[in-house]
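For the sequence shown, position 35 matches number 35 in the working numbering, and the numbering has no gaps at all.
What the hints contain is simulated information worked out from the structure, not anything from laboratory work.
Keep in mind it's a predicted model, so treat the numbers as computed, not measured.
The beta-carbon is built from N, C-alpha and C at its ideal position, and this holds for glycine as well.
Fair warning: there could be bad hints in the mix.
Simulated DEER-style distance windows between Cβ atoms [to be verified]:
1) 36 x 11: 30 to 40 Å
2) 2 x 27: 15 to 25 Å
3) 11 x 32: 19 to 29 Å
4) 37 x 17: 28 to 38 Å
Straight line, CA to CA, 25 Å or less: simulated DSS-like cross-link-like pairs of lysine-lysine [what the hints assert, rightly or not]:
5) 2 x 15
6) 53 x 15
7) 53 x 6
8) 53 x 2
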Amino acid sequence: MKSTRKGLREGELEKDNYERLVCADCGQSLASENPPDEVYTVRSCSECGREWKELR
1 MKSTRKGLRE GELEKDNYER LVCADCGQSL ASENPPDEVY TVRSCSECGR
51 EWKELR
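Assemble the whole structure, with the sequences as input and the hints as a guide.
Quick look at the structure:
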């Protein structure tokens with residue numbers, strides 16, 4: 001699982017007008033999940049199912 005920063009650099013993610021993360025392939029906003037014992041948030045696309053992690 002890549003980080004959101006790496007996804008932005010590689011063109012897999014984009015930011016919309018309101019600075020929300022959007023999947024570049026699907027154009028969907030990313031959903032977030034907060035695993036309770038981890039220091040990162042999992043950001044996932046509901047259309048294609050790809051996931052990225054974002055440090056809190």
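Discussion item. Given the hinted pair residue 2 and residue 15, is their Cα-Cα distance within 25 Å?
Written reply: holds (17 Å)
Discussion item. Within 30 to 40 Å: is that where the Cβ-Cβ distance between residue 36 and residue 11 falls?
Written reply: holds (32 Å)
Worksheet item: Within a Cα-Cα threshold of 25 Å, do residue 53 and residue 2 meet the stated pairing?
Response: OK: residue 53 and residue 2 at ~6 Å, within 25 Å.
Worksheet entry | 25 Å limit on alpha-carbon distance, applied to hinted pair residue 53 and residue 15 | holds (16 Å)
Worksheet item: Taking the CB of residue 11 and the CB of residue 32, does the distance hold inside 19 to 29 Å?
Response: holds (21 Å)
Discussion item. Verify the CB-CB distance for residue 2 and residue 27 against the hinted window 15 to 25 Å.
Written reply: Holds - the Cβ-Cβ distance for residue 2 and residue 27, about 19 Å, lies within 15 to 25 Å.
Worksheet entry | Agreement of residue 53 and residue 6 with the hint, judged by alpha carbon distance not exceeding 25 Å | holds (10 Å)
Worksheet item: Does the hinted range 28 to 38 Å hold for residue 37 and residue 17 at CB?
Response: With Cβ atoms ~35 Å apart, the hint holds.
In summary, this structure violates none of the numbered hints.
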